[in-house]
Each structure stands twice: as C-alpha cells, then as structure tokens.
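Taken in order, these protein sequences are the chains called L and E. If you want this note's numbering, it's the 1-based position in the first sequence plus 135. If you want this note's numbering, it's the 1-based position in the second sequence plus 135.
Among the hints, a few may not be true.
No copy is singled out in the list; a pair is fine if it fits within one copy or between any two copies.
Claimed, not checked - With a cut-off of at most 25 Å between alpha-carbon atoms, the simulated BS3-like pairs for lysine-lysine come out as follows:
1. K209 x K791
2. K669 x K701
3. K463 x K639
4. K763 x K608
5. K639 x K608
6. K401 x K157
7. K791 x K263
8. K715 x K463
9. K715 x K639
10. K681 x K194
11. K669 x K157
12. K194 x K763
13. K256 x K791
14. K669 x K487
15. K673 x K715
16. K532 x K185
17. K791 x K198
18. K791 x K246
19. K770 x K194
20. K463 x K575
21. K791 x K194
No lab work stands behind these hints, which were simulated from the structure alone.
Number of protein chains: 2
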Amino acid sequence: MARVDQLASERSKAQFDVDEMKIVWAGSRHTFEISDRISRLVASDPAFRKDNRAMLGRKELFKNTLRKAAHAWKRIIELRLTDEEASRLRFYVDEPAFTDLHWGMFIPAIKGQGTDEQQQKWLPLAYKMQIIGCYAQTELGHGSNVQGLETTATFDPQTDEFIIHSPTLTSSKWWPGGLGKVSTHAVVYARLITDGKDYGVNGFIVQLRSMDDHSPLPGITIGDIGMKFGNGAYNTMDNGVLQFDHVRIPRDQMLMRVSQVTREGKFVQSNVPRQLVYGTMVYVRQTIVSDASCALSRAVCIATRYSAVRRQFGSNNDGVETQVIDYKTQQNRLFPLLASAYAFRFVGEWLKWLYTDVTQRLQANDFSTLPEAHACTAGLKSLTTSATADAIEECRKLCGGHGYLCSSGLPELFAVYVPACTYEGDNVVLLLQVARFLMKTVSQLGSGKKPVGTTAYMGRVEHLMQSSCDARKAEDWLKPSVILEAFEARSARMSVACAQNLAKFANPEEGFAELSADLTEASVAHCQLIVVSKFIEKLQQDIPGKGVKEQLEILCNIYALSLLHKYQGDFLSTGSITSKQASLANDQLRSLYSQVRPNAVALVDAFNYTDHYLGSVLGRYDGNVYPKLYEEAWKDPLNDSVVPDGYHEYIRPLLKQQLRNARL
Amino acid sequence: MARVDQLASERSKAQFDVDEMKIVWAGSRHTFEISDRISRLVASDPAFRKDNRAMLGRKELFKNTLRKAAHAWKRIIELRLTDEEASRLRFYVDEPAFTDLHWGMFIPAIKGQGTDEQQQKWLPLAYKMQIIGCYAQTELGHGSNVQGLETTATFDPQTDEFIIHSPTLTSSKWWPGGLGKVSTHAVVYARLITDGKDYGVNGFIVQLRSMDDHSPLPGITIGDIGMKFGNGAYNTMDNGVLQFDHVRIPRDQMLMRVSQVTREGKFVQSNVPRQLVYGTMVYVRQTIVSDASCALSRAVCIATRYSAVRRQFGSNNDGVETQVIDYKTQQNRLFPLLASAYAFRFVGEWLKWLYTDVTQRLQANDFSTLPEAHACTAGLKSLTTSATADAIEECRKLCGGHGYLCSSGLPELFAVYVPACTYEGDNVVLLLQVARFLMKTVSQLGSGKKPVGTTAYMGRVEHLMQSSCDARKAEDWLKPSVILEAFEARSARMSVACAQNLAKFANPEEGFAELSADLTEASVAHCQLIVVSKFIEKLQQDIPGKGVKEQLEILCNIYALSLLHKYQGDFLSTGSITSKQASLANDQLRSLYSQVRPNAVALVDAFNYTDHYLGSVLGRYDGNVYPKLYEEAWKDPLNDSVVPDGYHEYIRPLLKQQLRNARL
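Only chain L is shown next, with the shape it has when bound in the complex (with noise of 0.2 Å):
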C-alpha cells in the first residue's frame, strides 16, 4: 500500500528547521539521541502493544501490566540499557506500573533518609529488583497533613523491634502505588513512640509479603483500592490499603539518617541538616513539571494534527470544507496550549538546573536558596499540573465528537493525569505555600533582606508599584521588556495588596484564613511571572536553526499575551496596564495565530513522538483518521457478533410485547 500522508502539504508550510526544533525540545542532542532510539525500540516491541487496554477488564489489564514490567526488565537487562536508557525505556512503555514507585519513591526514600549502613544493605536488593518496594504514606483519612499521620511505630526496648500498628479505620494505608498486589517490601511513615513519648512521623522498612509464596506476612492485610477514574489508565496499577496488627520488625530497619531511636530506646536526633528532605522533594516537583510538558504536548500533538484533517463547514470554490484549524475560535482555543507545551518544557529544563544549584550549595551547609527554591518548585508543580489537566480536557474537546472515543487517546490521557493535581502537594495547599512565602518576601522587604532568585524582582517593588505600562501600539507587546515589567507589576501588586489587607487583621493566622482565595490568586501571579521570564530567558540563548528561534519567540509572546488577556481582570485591577493597552495586547495576539498557523503540524512533529507513544488515531503522524477510526470500531467486543448477547432475553421480548411474564 502506497505510504498516505495526508498532513504532507501542512508540512510543506513549515518554515523553520524541524529537526533543529526536536533537539531544542530534547534539551540536548544527546538526549534526542536516546529517546528517539528508545521510543522506536518499545514502538517496534509488539509485547509493548497497549491499543487494546481500554477494552481489558481490571483482572486482564493488571495482569498485562505485569507482563509488561517483566518483559521491560528483560530488555533492560539483555540490550544492557544504561539507567538513563532504562528510564527513558520504562517511560515509552507509557503504562503506570508498580516500578514507578519503586523507582520513583522507595529507593530515592533509602537513598535519602538512609544511613550508609542502611542503603548498603538495601539498596543493591532493591537495583536488581531482588525485592519491590513502595512508599506507604498516606492514610484513608490523611492526606496532605503528614504530621497527622496515625500509624504508629512503638518500640519495644525488650526485643530490640518497633512495633508496626494501625489503631484506627482511618490510619489504614491508603493509595500506595504498587502496595495492593506486588510489592515485597514498604517505606511505611508511622509515628515514632518510644518511652512513652510521641516523637512525630518517622519512616521505617517494613517486609509485606513472604518472599517464598508472596503472601502477606502474619499481622498484615493487604488488598487494592478498587477501580479509579478511566479506562485503562491507573488501573493498571494496584494501589492499595494496608492494616497493620501490632507487626514487628528490627529496630535497625527504622531510616535513621536524620533521626535515630538508640538500643535503649532514646530517641536523637543526628546532625544532618533536616533541610535535606527539601531537597528530595525540589527533584521530585521538578519532574512533575518536565512530566507536565510531556502530557500537554501529547495533548496538543493530537489536537493539532486532527484538526489539521478536520474540515467543517466554510467552503472554498472547489466545494472543499475548511479545516478547522483555520478558525480563529480553534486558533484561540488551540494554539496557547501549544505555546504552554513549550513554556512548560523550558521552565521544567530550568528547574533541572535549579535542583543541581540546590543540592551543590546543600552540600556547601548554604541554605539561603532552599526556601525560595521550595517556594518555587511548589507554585510551578501546582501551576504546570492544573493547567495541564485543564489543557487535555480543552484538547479533547477540541477534536469534536470523536475525541470522546477512547481510540483518540484523549479520555485515558486526562484520566491517567489528573491525579498529578492532588499527588505530591494539593494544588491549592501549595499554592498557599507560595503565598506564605510571598508575604514573608514583602514583609522582609522594609529590613533590607534582598529578595533572592524568581522573587529579585520583589526588590524593586517601589519601582513596580508606581510603574505604568510603555505599550502605545500593538507591536509593542512583542518586547519582552514590556511582557515582563507588566507581569511583574500585576503579580506584585497583587502580593502587596494581600500583604496590606492580611495587615488589617488582629490575628495574622485568622487573616490570614480569611483571605487565602486572594492569596491564591497572587500565587498564580507569581508563578506566571516565573513561566514568562524564564521562556524569556531561554530565547537570549544562543539558539541554532533556520527559523527557530523565530518560532519561538512567537509561542513565547503567544504564550504571554494569552495569559494576559485570560487574566485580564488582575492586570486592569491593579492597574498594571490599560484597557487600551490590554485590546492592543489581544489584536497582537490574533496576528500571532496568524503567524503560528502554517507552522503548527511541524511545532508538535517537534516533539518527536512515535504514533505508539501517541497512541491516538486521531493524532496520527500522516493524519489518515478516517479509515483507521472505522478499522478500530471493529475491534470493540461488541462487534464480535452481529446480534448482540441479550437480544434473545430483552430485545425480542420486548418487540414482541412479551415482558409481562418475564423474570427480569
């Protein structure tokens, strides 16, 4: 069959370097090298199939998942993958499995709060997967407050053991990825008692499952929570609920590298600066906001493609329907997400970075960056991760009718991301983080502490609170100065507001309750700025390319001025710009969709994704949607007979009215 490319004359248009563009978005050559080797790799593995698991029953899509771990170990092992290669391989599997948080959290768990003895012990079990672990944090009645924990860890100074128990319905562990079936092994978080004293959450080793026949051990009941949001989705993984019956485990298996309980049960505290789990929770947040930019640019690869093949209405002489990117409503819609795909991949680049500084200076005893760096990371993960699950919806909607079939990849898409909202930090609790921050910088700021990092420009709030905005003409918000000085004075603005009114408050806790909605809000503020100026920031690199940084720069404004007009409101009201200027803004906007609209296909060929990857028909690289949308429907089990099952007992009945005697 002769190779169909029905998007050809949309890439034609291009008119920048697209292969350029894949290594910017890359980050590196090096790091296109390898996910462009490891993505066909898992694309070509039919084992790696994954089009089917919207129809797989939990039972069937569970055990597939495990098939699919395996089989990624063996390929791991046998093409001798190195860790990056691994990871990459476990990424284009594209499936939440079991490994992810034994990857992801039990063994960054050890690494962190382990002492030497105790990783030595542990952690080369743990690297060849002799043992799984998990991370039991949360409880069916705790979530975001840790320190309201239940569980508890009592030890017993007679046996040398902590006594692992939950004393309530509500201390069960609830959620742990890869807990409720598979896991051998567990990072609990549990109160520590010892002498009768209450020391707080503490998290200790605790062995599940026997390693003989992989039953729970005496004292333990383990099960999985049940079915979640989606098709496939997160219920290929089995996150489970955990009891513990007064089970008990060697004192030494408690991770004591900050804190420590001695033979004779005095608890101590070591000289580690506790500062560090700041730093394990900055990485963590970093790759949820590079994650952020994955699933939104899939997100708007499929989006963006279909509606390139979409044709709806409009009529061009030859009878011919638009294409419904054409329209500048989709335009509108469309191309910010686009424009948030890339601002998102920059910021999460940058974020590597802002860990790398964090851990060398946390080496260096300096800890002056770790508050601002926490702050930071906080506002960008509970940015990046709204927006994203707000954008996947957007796109689904975006491609009509059919985006709500599971064959677009859409449905399980959003459903499969979500969750990254509420993990890790509630959105709303963090932005309340970053907002406490904020108003901790400008009550600083009479003291003459300078304000460090994404907060500098908090320094020069004098300046910001009196500036008035230089756009006289359309063509003037194509200056970054001018972007950034407006998005600048809004969001500082907006902090000092809320600093004046919480001022008014007797009780600064009360006031500070009262006016969280607002406090929010400056949050957000805040955490644009920080998006904005670092795209910014990216664009005065040297940027190699025919067109690319041209490219760029007008997903950069697009990006901005998008934001502008939707926020508008917090603009005008602190009055940072005009009206005037703010329609000037959004006219410019329009002539930047213009500008976007022949390079769309080859902005989101960028990210260089495999259809595997994709795994949308709807997005497919050469746009061929119709026949497979049709080949796909056949699939369904449904269609395995033409008369379906039940026709017998409640169709015919009932056109032959002969329900009256039925048994239904």
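Position chain E against the provided structure of chain L, taking the given hints into account.
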C-alpha cells in the same frame, strides 16, 4: 446496627425549612411528589443496582443495560405509570440506553417532521416499543455542519422508491446512540436527489434490522463504534456506525411534513413553516439545561457532604482536625458551584415557560420571538453545559485523592456528562450563533426596532454605555438593581465594542471570522446576564417556607458576585465597574460564604437525591464515608485472590532473577 448520621450536626445548623426548599427545587409539589416516589421505587429495586458498573467489561455492561431497560419497561407497564412517571423512572435508572434515543429523538422526529398519516402509522408502533428507533444524522466526516452530510436518498420513479446510499467512507453514519446493536428502525438524514437535482438534507424512516432475527437487512452494515470515555458511563450505549449499499425504501417513508416528493418525482415544499424545526430545538435544548442542573447538583451534593466529613490540618483544642468545608479556599471553589446549581435550575424552569410561549405563538403563526428564543436557548445550552462539565471535575478535585476512585461516583458522572458540550450543537459553534444574533440586534438599534425578551436591555444601550455603577460599600452589592445594571452594562458594552470592530472590516464575514474569539466572549457575557436576571426574577415571586427565600437570595448573590470576580477583566475593561468596586464585591462575596456555610449540607439535601441515584460513597446521606470506602475496595476483582494472577509468570521470576530465559 444503629443508624449513623455523621452529618446530623450539620443538618441541625440549617437556618431554613429544607422540606419547603425541596418543593422549590422540584418546581412544584406535584413534581416533588412524583420524583420522590419514583426515585425511591428505583432505589429499592435490586434489578436497578449500578454500583458495580465501573468493574464490568463492555459486553457484560451492555447486556446489563439491556436487562435494565427491559425491566424498566416491564415495571412501567405493570404499575401503569403515566408518561411523566415513566420518564422519571428512566431518569432515575440513570444509565444511558437506546431508550433515550427512542423516546427522546426518534419519536419526536416523527412527530415533528412526519405527516399526520405517517404519525398514525409509525407512532403507535413506537409507543408500544414494537419497533425501536434511533436518530441517524451525524456521519464520520460530518457533525456540526448538517448541510454537509453525504448520504444520498435518490428517488427512483420506476419503482416509487428511494435508494439510500453511503457513497464514501466519511458518509458512514457515526455516533447515533441505540444504532449499533439495538434499533430496528432509524430516522436517517440524507441528501434528497430527484430528477438529477440535489434538494438538500431530509429525513427518512428506514428499517435496519429484521423483525424476525434482528440481523441487519440486505445492503446494511451496522456495528458499534467502540469504547468511549470512562468506566461505565456512555459505554452502556451502543453508539453505532451504519453504511448503506443502495438500500431501497418506499417513497412514503420520507418524512413529508415540510417537503414532499410526488409520485412523479417532483420536489414540493408544503406550506408548513420551516421555522417549526426551531421549536423542536428550543425544546431539546431546554431539556439539556435542565439536565445540566441535575448533573451539577449531583456533583455539588457529593463534594459538599464529603467536605463536611473530611478533616485535614488545623486543630481545635480537642485535637480534632478542621472540616475542609471550613477553609475559605474550599468555600471559594465549592459555593459558587452550589449557587450555579440553583441558578441553572431556575433558568431551566424559565426555559420551559419560554418553550410553551414559543409553541403557542407558532400555532398562531407569530414568528416574531423565535430568533430571540432560539439564540437564548442556544446560548444557555452552551453556557450551562460547559460550566457543568468543568464544575463536575472541580467537585472531583474538591474531594482530594478519594475523588479519583470510581466509588466516589464523580469520574463516571464527568465521563457521562461531557458529551453534552458537543452534542446538539458544539458549544463554541452555538456561541457564535448567539453572537450573530447579538450583532444583528445591535445593528438594528438605530432603526427603531425594539429588542425583545432577553435582549430587551439592549434598548437602553445609550444609558448602559455611559452609566456608572452605584456600589459605594460592600453591602451595595446585595442590591439586585446594582448587580443587574453591572451585568447589563458589561454585556451591552462588549457587544457594541464587537460591532464597532466588525465595522472596520470591508468584508463583514471576514471580520466575523477574525473577531470570533471576542464575539464568543460577548455571547458568554450576554448569557450570564440571562441566568442572573432569571434568578433575580425568581426571587421576586412569593416563596413560602421559613428562611427559604433568604437562602436563595444568598445563593443568587454568590452566583452573580463570583462571576463578577471571575470575569473581572470584562467588567473593568468595559468600565462597567471600577477596581475599587470589584474589590468591594469580593469582600461581600467572602461574607456571603460565611452565611451559606451553616446551610450548605441542608442546601444539597434539598435536591432530595437517594443514595442510589447519587451513586457515591463520598456523598452518602449519612456521611459514613470511611467504613464504606473500605468495604467497597474489597469488591474489586483484583481482590478475588490474595496473590494476583500473573505472580508466577511475571513477579516471581523478577524477584528470583530468572527472567533471562523467560519468554515474555
């Protein structure tokens, strides 16, 4: 076991008569009585159980739906239910099924477009369900643009038949519910061709399947189009694909009320006004608005009750954590949705009146209000369904991690609801229709033609363009006149600004396309005004019951002021209010939240939903959430065995390092 009511203390706080509010919500004592009785009937019948829906495979799920539909029909006959009761029963069964299309589209299409003779022939069969019908309009390549359909119906004068044919792949009928596996008949929309001329799209009654054995008739290919978004949800429906290969039907199966084809093959228009079709649209969209308030209120009921049960952070002196409903961030997200549920309920009720009014006028050949009524229902369909889809997901997020479990009911509610944003008019396409009407209204203002109905305020455009808002202190924002004037000014000014910008284009159609994003925003502003004003009108009626009206006034103000905050940009950029006034409105909003807080649980109790209908462990009436979540978890098929299927093949070899030679 003693009856638990974890929410008793919440209920005792209510400051109004819940039973009276139930009547207000239902619309009348009569409607309340029927809803209450029928919902209990369904809830108490084990045949209508639905809590296992998320776990069923497609075939099992679908067969189960057939069973329920047959059982429902049996009960309707046995109990001799009235049409109203029967329709309520189907509603409370709460499972999309072929019967929705049979009663909701097939029968109305014949009633609306069939001649008296055709109605006499077909309707009795349909009423008794001796035939089952669906509505086959959309095609694989054609959705919103009905005039672009490709299926042909060519008249053959030799045999006095139409030949129905699918000339291309993209002309395959695609999406019709009930088509894939169940319907014996369909109203098929196809291009009428006679005498070599194409007369555009008309409806035809076509038999699809044999009445003997249910197999598709010769020349007809039918199947299901495959899995759709979510667990359970619309997968209970057999949305179908249908292709015709020169299928012949008698001439009298063309629906001939509006146009006919004579025996000789002449196309004739009847004198029945074509506008009648719009009457049907007004009806269908009215029911969609009413459904929006149902879906939204379900989600809000779940989120409100769970927010009162869930505790996190904070600590009263007794060591108990704070109910999350007490956090202002939670209130700020939840209470506007609670208010929206009531707002949509009342605007839906008003639309029922509008439909009656339009129908009476049509019968008297008065078409004067039709364009306004059509624009109004199109806009409200778009506004309420978009807001509801977003709100359900927001409610899910408000339930934290547990909202992600299917047992919360929210994932399925979202998945089953979202198509409402696309079907019966894509929401963006509808907003553009509203915008066209608004632009026309504005352009006619000078001509002395007085705008009617919901656009009457445009008649005061000169005043509204220069009026200034009266609010001087926060409490001024409680005055309906202040709110109305602000919403009217914003909407009028946005429409006028669009009209002025359009005038700058030489080609009006080009201008409309270029400015379409702005135009949709003007439409939204207009539609929000309608909802606000209908809520205010409702409160001008006499509403009995202690405290009932007071609560509704609070909700009305929350609805309006939360919109005012969210769309601050519109209000400020048009100069309809000042920043200071926006800030006062926000202060007032916070104080309204405090007023609604003690009544929140009682306000969702007033929806009178059974636990069966709600289908949510988190939203249980008794608030006994944790034990039931725990209980539900164990029902998952994965928990059938302690050691999972696949352990021996895939987990053990991993742990024992025996992968190398395994065949995976």
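**OP:** If the cutoff is 25 Å on CA atoms, where do K669 and K701 land: within, between, both or neither? Let me know, please.
**Re:** within (20 Å within a copy, 27 Å between copies)
Original post:
Given a CA cutoff of 25 Å, do K770 and K194 count as a within-copy pair, a between-copy pair, both, or neither?
Top reply: Close inside one copy (20 Å) and across copies (13 Å); limit 25 Å.
Original post:
Is it within a copy, between copies, both, or neither that the alpha carbon of K209 lies no farther than 25 Å from that of K791?
Top reply: For K209 and K791, the Cα distance is within 25 Å only across copies (13 Å; inside one copy 58 Å).
**OP:** First find the shortest C-alpha distance between K669 and K157 inside one copy, then the shortest across copies, and answer within, between, both or neither for a cut-off of 25 Å.
**Re:** Answer is within: at 19 Å inside a copy they meet the 25 Å cutoff, but 53 Å across does not.
Original post:
For K463 vs K575, is the C-alpha pair at or below 25 Å within one copy, between two copies, both, or neither?
Top reply: Between. Shortest inter-copy distance 21 Å satisfies the 25 Å Cα cut-off; intra-copy 43 Å does not.
Original post:
Is the C-alpha distance from K194 to K763 at most 25 Å within one copy, between copies, in both cases, or in neither?
Top reply: Between. Shortest inter-copy distance 23 Å satisfies the 25 Å Cα cut-off; intra-copy 28 Å does not.
Original post:
Quick one: K681 to K194, C-alpha cut-off 25 Å, is that within a copy, between copies, both, or neither?
Top reply: neither (51 Å within a copy, 53 Å between copies)
Subject >> Intra- versus inter-copy proximity for K263 and K791 (alpha-carbon distance at most 25 Å) >> reply: Classified as between; 10 Å across copies, 65 Å inside a copy.
Subject >> Same-copy or cross-copy closeness of K791 to K198 [CA-CA at most 25 Å] >> reply: This pair counts as between: shortest inter-copy Cα distance 19 Å, intra-copy 43 Å.
Original post:
For the identical chains here, do K763 and K608 meet the 25 Å Cα criterion within one copy, between copies, both, or neither?
Top reply: This pair counts as neither: shortest intra-copy Cα distance 48 Å, inter-copy 61 Å.
**OP:** Could you figure out if K401 and K157 sit no more than 25 Å apart (CA to CA) within one copy, between two copies, both or neither?
**Re:** neither (57 Å within a copy, 61 Å between copies)
Original post:
Which holds for K673 with K715 at a C-alpha limit of 25 Å: within a copy, between copies, both or neither?
Top reply: For K673 and K715, neither the intra-copy (30 Å) nor the inter-copy (38 Å) Cα distance is at most 25 Å.
Going through the hint list in order, the structure does not satisfy hints 4, 6, 10 and 15.
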